[in-house]
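Participant: Letter by letter, the chains look like this.
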Amino acid sequence: MFEFFRDLDRRWVFLAMLLAVAVPILAGARFPEEPSQMVRSVFHAIDNLPEGSRVLMALDYDPASEGELHPMAAAFTRQCALKNHKMYFMTLWPPGPVMIQKQINMLQREFPDYEYGIDYVNMGFRPGYEGPIKLIVTDLKRAISADVHGTSLDQIPLTRDLKNIQQMDMIINVSAGYPGAKEWVLYAATPYGIPTVAGTTGVQSPLLMPYIPNQLTGMLGAIKAAAEYEQMLIDEYPQLKDNRQAQEALRRMGPQLVAHVFLIVLILIGNTIFFIERRRSR
Amino acid sequence: MKRTVPLIIAATTGFVLIVAYFIPYTETWGETAMAWFNIIAAVAFVLGGFNLMKNQLQKISDRRPGWGYAAVTLLSFVITLFIGLAKVGVTPSTTYPEHPWAGSYDQEGAAFWWLYEYLFLPLSATMFAMLAFYIASAAFRAFRAKNVEAVILLITAFIVLLGRTYAGIWLTSWVDPLAARFESPVVSQFIVGLRLDRMTETIMNVFNLAGMRAITIGIALGVASTSLKVLLGVDRSYLGSGED
Numbered sequence: 001m002f003e004f005f006r007d008l009d010r011r012w013v014f015l016a017m018l019l020a021v022a023v024p025i026l027a028g029a030r031f032p033e034e035p036s037q038m039v040r041s042v043f044h045a046i047d048n049l050p051e052g053s054r055v056l057m058a059l060d061y062d063p064a065s066e067g068e069l070h071p072m073a074a075a076f077t078r079q080c081a082l083k084n085h086k087m088y089f090m091t092l093w094p095p096g097p098v099m100i101q102k103q104i105n106m107l108q109r110e111f112p113d114y115e116y117g118i119d120y121v122n123m124g125f126r127p128g129y130e131g132p133i134k135l136i137v138t139d140l141k142r143a144i145s146a147d148v149h150g151t152s153l154d155q156i157p158l159t160r161d162l163k164n165i166q167q168m169d170m171i172i173n174v175s176a177g178y179p180g181a182k183e184w185v186l187y188a189a190t191p192y193g194i195p196t197v198a199g200t201t202g203v204q205s206p207l208l209m210p211y212i213p214n215q216l217t218g219m220l221g222a223i224k225a226a227a228e229y230e231q232m233l234i235d236e237y238p239q240l241k242d243n244r245q246a247q248e249a250l251r252r253m254g255p256q257l258v259a260h261v262f263l264i265v266l267i268l269i270g271n272t273i274f275f276i277e278r279r280r281s282r
Numbered sequence: 001m002k003r004t005v006p007l008i009i010a011a012t013t014g015f016v017l018i019v020a021y022f023i024p025y026t027e028t029w030g031e032t033a034m035a036w037f038n039i040i041a042a043v044a045f046v047l048g049g050f051n052l053m054k055n056q057l058q059k060i061s062d063r064r065p066g067w068g069y070a071a072v073t074l075l076s077f078v079i080t081l082f083i084g085l086a087k088v089g090v091t092p093s094t095t096y097p098e099h100p101w102a103g104s105y106d107q108e109g110a111a112f113w114w115l116y117e118y119l120f121l122p123l124s125a126t127m128f129a130m131l132a133f134y135i136a137s138a139a140f141r142a143f144r145a146k147n148v149e150a151v152i153l154l155i156t157a158f159i160v161l162l163g164r165t166y167a168g169i170w171l172t173s174w175v176d177p178l179a180a181r182f183e184s185p186v187v188s189q190f191i192v193g194l195r196l197d198r199m200t201e202t203i204m205n206v207f208n209l210a211g212m213r214a215i216t217i218g219i220a221l222g223v224a225s226t227s228l229k230v231l232l233g234v235d236r237s238y239l240g241s242g243e244d
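If you're matching them up, the sequences are chains B and C in order. All the letters of the first sequence, read from the start, carry residue numbers 1 to 282 under UniProt numbering. All the letters of the second sequence, read from the start, carry residue numbers 1 to 244 under UniProt numbering.
With the rest of the complex left out, here is chain B (with noise of 0.2 Å):
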């Protein structure tokens, strides 16, 4: 046995590890969860807004990190659809329009009266890192002059009024990296005040904490706390109860659960032949 794995190819862990990821998403594991502090605070942000605030959805990933943030991407618009918000996508990373995309096709699905132009703008994406905050938080249609469908601004209603992103009640930013939720803290959230949500990867989230709450009203840090947020969603409005979409992330915790007990097994497996070893050694 001690042989056996001491000697054990890495392939035999990678099976491992696929039927530890597989088996629960075939299988359709689900855990309960329970909403932390954290989730709550950014729940309720958006929530205590009145009804047809304006938020900015800022969606800064692309599809390497679909798995982890497209949930709670969908959650906020989720949310922002229930409660009535003008939503105004915009995206700092080039493969990021069509997450946005995702996000429009989702509320021509799910809220057929959402009007494009009246009640959600798809201001694409714009190059240049963190240059295009700066140049938006005073002057919108200088670094932004049309839609994605090449309408101007000016054209549109729910941006003809629009001089600046100061004008947003909210800043919700779905990042995976740079430019991110850093940079939507440093240069807009920060020096203008404006409230600001994020969602994170798992490795991003730590570098974020020291922002919250004073910059940063709330996190939601990977998987887990999207999870969560779904599970807060449904719990305050039971009409997504039945929607097999709307709990994306809830599904992706029961091979997160088994992935990480068997990481736990194999960290103890490897210590104890690290043990027998130096004792045997001895």
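Keep in mind that the hints are not guaranteed to be accurate.
No more than 20 Å apart at the CA atoms, straight line, and that leaves these computed lysine to aspartate or glutamate pairs for EDC-like [unchecked claim]:
| id | chain 1 | residue 1 | chain 2 | residue 2 |
| --- | --- | --- | --- | --- |
| 1 | B | Lys163 | B | Asp139 |
| 2 | B | Lys102 | B | Glu277 |
| 3 | B | Lys83 | B | Asp119 |
| 4 | B | Lys141 | B | Asp169 |
| 5 | B | Lys141 | B | Asp154 |
| 6 | B | Lys102 | C | Glu108 |
| 7 | B | Lys83 | B | Glu115 |
| 8 | B | Lys163 | B | Asp119 |
| 9 | B | Lys163 | C | Glu117 |
| 10 | B | Lys83 | B | Glu110 |
| 11 | B | Lys163 | C | Glu31 |
| 12 | C | Lys87 | C | Glu98 |
| 13 | B | Lys102 | C | Asp106 |
| 14 | B | Lys141 | B | Asp161 |
| 15 | C | Lys146 | B | Glu277 |
| 16 | B | Lys141 | C | Glu108 |
| 17 | B | Lys141 | C | Glu117 |
| 18 | B | Lys102 | C | Asp62 |
| 19 | B | Lys102 | B | Glu66 |
What the hints contain is simulated information worked out from the structure, not anything from laboratory work.
Fit chain C to the given chain B structure using the hints.
Facilitator: For chain C alone, kept in the frame of chain B given last:
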């Protein structure tokens, strides 16, 4: 001259942005500088494209190790660029039906959308997902309790790994009934804090936060001093070696 002009441009723009932040009268100067920056950033994409082509072509013509990968990169780049620019398979937009090229390049069902949806998206997601396998292998082979620091790291890892799933709540479900037995709120709260999910929060909100604050302040001071060196022309490394 080749290095002096970029140096003057960088220093002037930098100082304009600093002044614009503190003096409201000069705010529009900063906006103009940022508008220029955004335009240059967009042009940099074109420059980046040419640079990529130049490097990959060089690699192929010199038959350097891995030139086959360079060929794949170049081919993918050219095909994607052509399909995007030519808007292959894009139907005219409903707003401007008389203009055949008025449709969006990433329209659903068009060739570019197809490339993105069935090549770029699964490839990117796969690359990221492969991390899980490497982490598992590394956890098995390298995560050893060799000294006190490593033991602390291991314990923290176990708490966070369990606390970030339902396993943490399930394993420490006995904590809440135990805490209820104590009348003293201090003792009761301390015992509730032993729940794995609460311990994870404590690790994130206390230990991680304290460390991150120190690192953030350190980075900020470093960035400020480096920026000053760049603006004053002391650090010129961003201009390159100037050999080519």
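Participant: Indicate, hint by hint, whether the structure satisfies it.
Facilitator: For each hint, the structure was consulted:
no.	hint	in the structure
1	B:Lys163 to B:Asp139	holds, 6 Å
2	B:Lys102 to B:Glu277	violated, 53 Å
3	B:Lys83 to B:Asp119	holds, 11 Å
4	B:Lys141 to B:Asp169	holds, 18 Å
5	B:Lys141 to B:Asp154	holds, 9 Å
6	B:Lys102 to C:Glu108	holds, 11 Å
7	B:Lys83 to B:Glu115	holds, 14 Å
8	B:Lys163 to B:Asp119	holds, 17 Å
9	B:Lys163 to C:Glu117	violated, 35 Å
10	B:Lys83 to B:Glu110	holds, 14 Å
11	B:Lys163 to C:Glu31	holds, 14 Å
12	C:Lys87 to C:Glu98	holds, 16 Å
13	B:Lys102 to C:Asp106	holds, 12 Å
14	B:Lys141 to B:Asp161	holds, 11 Å
15	C:Lys146 to B:Glu277	holds, 13 Å
16	B:Lys141 to C:Glu108	violated, 28 Å
17	B:Lys141 to C:Glu117	violated, 31 Å
18	B:Lys102 to C:Asp62	violated, 43 Å
19	B:Lys102 to B:Glu66	holds, 11 Å
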